[in-house]
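In case it helps, UniProt numbering puts the sequence shown at residues 1 to 201.
Treat each hint with caution, since some may be false.
To be verified - Straight-line Cα separation of at most 25 Å, DSS-like style, residue types lysine-lysine; simulated pairs:
hint	residue 1	residue 2
1	112	99
2	122	91
3	160	91
4	112	127
5	99	160
6	112	91
7	91	159
8	159	99
Read the hints as simulated data drawn from the structure, not as lab findings.
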Amino acid sequence: MSSAEDTTDQSLSSPTKKFRSAKSISNNRNKLSGEMAHNGSLNQENSSTNSIDEGLYSRQLYVLGHEAMRSMATAEILICGAKGLGLEIAKNIILGGVKSVTLHDVGTCEIKDLSSQYYLTKADLGKNRAVASLQQLTELNSYVSVHAHTEDLSGDFLKKFKKENRRKGRIREGILGEIDPGVSTRYDNTYSPVNGFPKWG
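My request is simple: use the sequences and hints to build the entire structure.
The structure is reproduced here in structure tokens:
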């Protein structure tokens, strides 16, 4: 008798759990959609709540946890170089769910770029690589604000990407440089030592 009741309870509870789970995800998405600005970043009044779309980031939440995801959601990243490697890094970081990504590149698309930079086509030849890739990158994650920067890097501009490391009580940079002699090597050799940041490469 008890086994039959258990079977009945299990058959009823499974769809109920699925319904509750789907309803919870739907409610969470509806709540977040009201908190999102038109450019994909959180509104100022709601950014302090550090809300996370559990439906979108369920796998990352399982591996990283809520605290790490909330920390990522406040990160503003600068990526120097919009060639093949730089684009792949940008794609993965945007899908990861940071606050914003700025793709920096002063160069224009050449025929050789089409072999590794999959967002560029023949129609983009002669155009700035970062600008030509912006639309596709923006469409990857509506929660992440994506920008293109086509001018030379300046100290004032780079200050936007410095964040305080609370554990060590010091300022660290949130900048990724493509391994490119014309970009990251020059940047590391001039900017990093002057500002006390570690040199890469």
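Okay, the hints, checked on the actual structure:
1. 112 to 99: violated, 32 Å
2. 122 to 91: holds, 21 Å
3. 160 to 91: Roughly 21 Å between the alpha carbons, so the hint for residue 160 and residue 91 holds.
4. 112 to 127: holds, 14 Å
5. 99 to 160: Judged against 25 Å, a Cα distance of about 13 Å means the pair holds.
6. 112 to 91: Cα-Cα ~20 Å, so holds.
7. 91 to 159: Since the Cα atoms of residue 91 and residue 159 sit roughly 23 Å apart, the hinted pair holds (cutoff 25 Å).
8. 159 to 99: Holds: residue 159 and residue 99 sit about 16 Å apart, inside 25 Å.
In the structure shown, a violation is registered for the earlier hint numbered 1 alone.
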